[in-house]
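Letter by letter, the chains look like this.
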Amino acid sequence: AQTVTQSQPEMSVQEAETVTLSCTYDTSENNYYLFWYKQPPSRQMILVIRQEAYKQQNATENRFSVNFQKAAKSFSLKISDSQLGDTAMYFCAFMGPQGGSEKLVFGKGTKLTVNP
Amino acid sequence: DGGITQSPKYLFRKEGQNVTLSCEQNLNHDAMYWYRQDPGQGLRLIYYSQIVNDFQKGDIAEGYSVSREKKESFPLTVTSAQKNPTAFYLCASSIPTINSPLHFGNGTRLTVT
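Protein chains in written order, with the working numbering: chain A, 394 to 509; chain B, 1040 to 1152.
For reference, chain A alone in the conformation it holds in the complex (with noise of 0.2 Å):
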């Protein structure tokens, strides 16, 4: 079975600065996808990126992104120029090539805050 791990339970950085949230898993699956989810303190999720495997190229989304490394099985993502609206727990998730969203596994989630 697939698993997600989040290594980091808690980090926090100074706004305006950069920060890098870990997620490893574990697969033998060669196509997969992955996901960074956002829950913020009013606690609706909200998808943050995503990045399909075949893909090399990193995904972005404006101040976020992916560091994609199959090989390691590794998708940190790093958040640019931090806000105080970035404070939330961020969710890394995993979804498998046969599954749709009822194959998500999710790691436990790192709670970022960010100080002004």
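Just so you know, these hints were derived from the structure itself, not from any lab.
Any given hint might turn out to be false.
[Stated by the list, open to error] Restraint-style ranges between C-beta atoms, simulated for each label pair:
| hint | chain 1 | residue 1 | chain 2 | residue 2 | range |
| --- | --- | --- | --- | --- | --- |
| 1 | A | 506 | B | 1138 | 42 to 50 Å |
| 2 | B | 1057 | A | 465 | 45 to 53 Å |
| 3 | A | 435 | B | 1098 | 23 to 31 Å |
| 4 | B | 1057 | A | 462 | 45 to 53 Å |
| 5 | B | 1145 | A | 454 | 16 to 24 Å |
[Unchecked claim] Residues from chain B that face chain A, not an exhaustive set, calculated with beta carbons under 7 Å:
| hint | residue |
| --- | --- |
| 6 | 1078 |
| 7 | 1080 |
| 8 | 1081 |
| 9 | 1082 |
| 10 | 1087 |
| 11 | 1133 |
| 12 | 1135 |
| 13 | 1138 |
| 14 | 1141 |
| 15 | 1143 |
| 16 | 1145 |
| 17 | 1146 |
Glycine included, every Cβ here is placed at the ideal spot set by N, Cα and C.
Following the hints, put chain B in place on chain A, whose structure we already have.
Using the frame of chain A, we list chain B on its own:
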């Protein structure tokens, strides 16, 4: 605006009572999901439904039940058989295709005493 509405935001029940959590979506999504979130845990799938009048058990379905009589609605009942019902419950929906992202509601915090 399209979205998912979960109600109520906070719910309190006495042990031994069944309780139903509401989830409504107007995104016209076929697939809907219920997740449970506990401190220090990721999200765990309780039930999901990919089409009206059909649903499947997730990883932790014991003590829960659902129905899907309408495309827009996917209520979750927490029964007295659920040993540790106090948790945060999230409802989500998606287009039932690979790589489609989940859209989440705001969640319901259930406390059973």
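Hints, one by one, checked against the model:
Taking 42 to 50 Å as the suggested C-beta distance range, the pair residue 506 (chain A) and residue 1138 (chain B) does not conform, at roughly 31 Å. Between residue 1057 (chain B) and residue 465 (chain A) the CB atoms are about 47 Å apart, so this pair conforms to the stated range of 45 to 53 Å. A beta carbon spacing of about 26 Å between residue 435 (chain A) and residue 1098 (chain B) agrees with the range 23 to 31 Å that was offered as a hint. The supplied range of 45 to 53 Å is met by residue 1057 (chain B) and residue 462 (chain A), whose beta-carbon atoms lie about 47 Å from each other.
Range check, residue 1145 (chain B) to residue 454 (chain A): Cβ separation about 22 Å, and the 16 to 24 Å hint holds. Evaluation of the residue 1078 (chain B) hint against chain A yields a violated restraint, the C-beta minimum of about 10 Å exceeding 7 Å. Taking 7 Å as the C-beta cut-off, the interface hint given for residue 1080 (chain B) holds, the closest approach to chain A being about 6 Å. The criterion of a C-beta within 7 Å of any C-beta in chain A is met by residue 1081 (chain B), whose closest approach is roughly 3 Å, and the hint holds.
For residue 1082 (chain B), the suggested interface contact is upheld, since its CB lies about 5 Å from the closest CB of chain A, less than 7 Å. A hinted interface residue such as residue 1087 (chain B) counts as satisfied when its beta carbon comes closer than 7 Å to some beta carbon of chain A; here the least separation is about 5 Å, so the hint holds. A hinted interface residue such as residue 1133 (chain B) counts as satisfied when its beta carbon comes closer than 7 Å to some beta carbon of chain A; here the least separation is about 5 Å, so the hint holds. With its C-beta approaching chain A no nearer than about 5 Å, residue 1135 (chain B) sits inside the 7 Å limit, and its interface hint holds.
Using the Cβ-Cβ criterion of 7 Å, the hint placing residue 1138 (chain B) at the interface with chain A is satisfied: the shortest such distance is roughly 5 Å. Among the interface hints, the one on residue 1141 (chain B) holds; its C-beta lies about 5 Å from the nearest C-beta in chain A, closer than the 7 Å criterion. A distance limit of 7 Å between C-beta atoms decides the matter here; for residue 1143 (chain B) the minimum to chain A is near 4 Å, and the interface restraint holds. Using the Cβ-Cβ criterion of 7 Å, the hint placing residue 1145 (chain B) at the interface with chain A is satisfied: the shortest such distance is roughly 5 Å.
Interface restraint check: residue 1146 (chain B) against chain A, minimum CB-CB distance 5 Å, threshold 7 Å, status holds.
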